[in-house]
Structure formats: C-alpha cells, structure tokens
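A.B. asks: Going down the list, the sequences are from chains A and B. Residue numbering for the first sequence follows this note's numbering, starting at 1 and increasing by one per position. Residue numbering for the second sequence follows this note's numbering, starting at 110 and increasing by one per position.
Bear in mind the hints are in silico, worked out from the structure with no lab data behind them. Ideal Cβ positions, reconstructed from N, Cα and C, are used throughout, including at glycine. Worth double-checking, as some hints may not be accurate.
If you want the footprint, here are the derived chain B segments under chain A, 3+ residues with CB under 8 Å [said to hold, decoys possible]:
hint: 1; stretch: 114–127
hint: 2; stretch: 137–151
hint: 3; stretch: 195–208
hint: 4; stretch: 228–242
Partial list, computed: chain A residues near chain B (C-beta under 7 Å) [stated by the list, open to error]:
hint: 5; residue: A6
hint: 6; residue: F8
hint: 7; residue: A10
hint: 8; residue: F14
hint: 9; residue: G17
hint: 10; residue: L25
hint: 11; residue: D34
hint: 12; residue: S42
hint: 13; residue: F45
hint: 14; residue: V46
hint: 15; residue: Y58
hint: 16; residue: F69
hint: 17; residue: F73
hint: 18; residue: V86
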Amino acid sequence: MKANLAAFAAGLVFAIGLCIAGMTLPSKIVGFLDFAGQWDASLAFVIGGAVAVYAVIYRWAARQESPLFVPKFSIPSRNDIDGSLVGMRRYSASDGDSAVFVPALPSPR
Amino acid sequence: VHNFTPIASLIGGILIGLSAAAMFWFDGKIAGISGILAGVLRPVRNDWLWRVFFVGGLLSGGVIMRIVEPGAYAYTIQRSSGAIIAAGLLVGFGTRLSNGCTSGHGVCGVSRLSARSMVATGSFLATGAATVFVINRFFRGSL
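My request is simple: use the sequences and hints to build the entire structure.
C.D. replies: Right, dumping it as structure tokens:
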C-alpha cells in the first residue's frame, strides 16, 4: 500500500509541476517548437530542471540494494535504436544490404 | 501569446524531476506517463494498481491546480472537435510506437543517458518543430 500511496503522491506532484511550469498551456509548447517565430525557451527550463534533479537522485538510488517500497527496481533494459523509435520501420531486401524505411504501425504486443 | 517564464518553468521542472525520482527511489519505476497509462488500459497481473494510483494523483493534481491556479487552464483551442480527437489519437499512437513520451524518454531516459531515449526525444523535437513550421508557414497557423 505504501508503494501505491507513493505513486499517488508522485502523480500529484508531477501534475502540479506541469501546471506551475506552464506546460498545460498549448501556447507554451507551440512557442518552444516555433524556432522560426518568437521562440519561447521555457520548455527547455522545464526539461533542464527535471533532468538535473532526476539524474542526480537516479544515480544515487540505482546504487541502493532495492527501492524503499517494492522488492526490486524495474529498469528498462533495451538499448537498441530501431526505426519505430522515430516512427519508421526498416524493411531489408533479400540480399540483406539494401533497406527501405517506411512509416510504421505499432506491432501487436 | 508568448511570454518567457524561466523561473516558473524551472521550478515546475524541478517538481517533475522530484516526482519522477520519487517514483524510482520509492517504487523502482520509471515515471513514463504514456507507458503508465497504457498499463492502466491493458492490465497485467500485479502491475496495475500502482499505475491507477499514479494516474489518480496526476488527475487530482490537475483538479487542485484548476482551483488554486486557474491561469494554468486559461486558454482556448481554435480547432474543430475532429482535429482535437485526431491529435489525441496521434499522440497516443506515437507514444506507444516509440515506447515513451516526453516524461519517460525526455526526462527519465535522457537523465539515464539512454541512447534510445535521446534519439526518441530528438525525434519528438525535430518533428514537432517541423510541424509547427509547416502549419505556420503554409497553413496560416491552423488546419
């Protein structure tokens, strides 16, 4: 139950952070992506602040034997760079040398 | 409306980082919102309830902020309902395709120095910027 309550609290803080950061406003997102217009760099401060805090605590926590409220850490193990990561899927020709990339559909899991 | 908000955005970002860090230290989980929500909608045994609590917390935080800081919701979207539905579907589709969104890949993955997440985050930014450019330049800012 502690783990679930921690998840609730984390979700709560996450949402409050998003709101304070201005990330509920579509104009802030579009403004950040609008490099050709009047660029709004705010989103970089959101990501920068989050990454700075998370990187430090993550590195420390990952060295602990286990998380506080559950038996073990669930850390993503994949490190392959595949086409679907960027919305494309690779199709190889039979000779294995030539390949084409086309927009992908999610594979059933 | 463009107003640069470095301080508020930095404070919000720090809160997001603390929240994601708490998810990892307390529950051992990566705080990827799209993945967590996907697991709510497609339940796996013994891996469901914490997701419901997290999403419940997110929604509760949104409700609280709506009362405390109505400015966070002071916007109008000048799009048809169909466009908004299509946009929402595309966000869900794309985040599942790349196995993550700006929280899981952009915050957690980049912090963990995951090459996958850096590629994914770069593609979010590049395609987002390209879309904004095309819509503004060729479609007068709206579809």
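A.B. asks: Decide, hint by hint, whether the structure agrees.
C.D. replies: Hint by hint, here is what the structure shows:
Requiring three or more residues with a Cβ within less than 8 Å of a Cβ of chain A, the coverage given for the stretch 114–127 of chain B holds, as 13 such residues are present. Coverage of the stretch 137–151 of chain B by chain A holds in this model, with 5 residues showing a Cβ closer than 8 Å to a Cβ of that chain against a need of three. For the stretch 195–208 of chain B, the assignment as covered by chain A holds, since 6 residues bring a beta-carbon within under 8 Å of that chain's beta-carbons and 3 suffice. Counting residues of the stretch 228–242 of chain B whose CB lies closer than 8 Å to any CB of chain A gives 10, so the stated coverage by that chain holds, three being the minimum.
Interface restraint check: A6 of chain A against chain B, minimum CB-CB distance 4 Å, threshold 7 Å, status holds. Hint status for F8 of chain A relative to chain B: holds, with the closest Cβ pair at about 4 Å, below 7 Å. Annotation: A10 of chain A was flagged as interfacial toward chain B, and the flag holds, the nearest CB pair being 5 Å apart, inside 7 Å. Annotation: F14 of chain A was flagged as interfacial toward chain B, and the flag holds, the nearest CB pair being 4 Å apart, inside 7 Å.
About 3 Å separates the beta-carbon of G17 of chain A from the nearest beta-carbon of chain B, less than 7 Å, and the hint is met. Checking L25 of chain A against chain B by beta carbon gives a least distance of about 5 Å; that is within 7 Å, so the hint holds. Interface hint at D34 of chain A: satisfied, since its Cβ lies 5 Å from the closest Cβ of chain B, which is below the 7 Å cut-off. Annotation: interface hint on S42 of chain A holds; nearest CB of chain B at approximately 4 Å, less than 7 Å.
Of the supplied interface hints, the one on F45 of chain A holds, with its beta-carbon coming within about 4 Å of a beta-carbon of chain B, less than 7 Å. At a threshold of 7 Å, the smallest CB-CB gap from V46 of chain A to chain B is about 4 Å, leaving the interface hint in force. Hint on Y58 of chain A holds. Least Cβ distance to chain B is approximately 6 Å, under the 7 Å limit. Because the closest C-beta pair between F69 of chain A and chain B is about 5 Å apart, less than 7 Å, the hint holds.
The restraint placing F73 of chain A at the interface with chain B holds, with a minimum CB-CB distance near 4 Å, inside the 7 Å limit. A least Cβ separation of about 4 Å between V86 of chain A and chain B falls short of the 7 Å threshold, and the interface hint therefore holds.
In this structure, none of the earlier numbered hints is contradicted; all agree with it.
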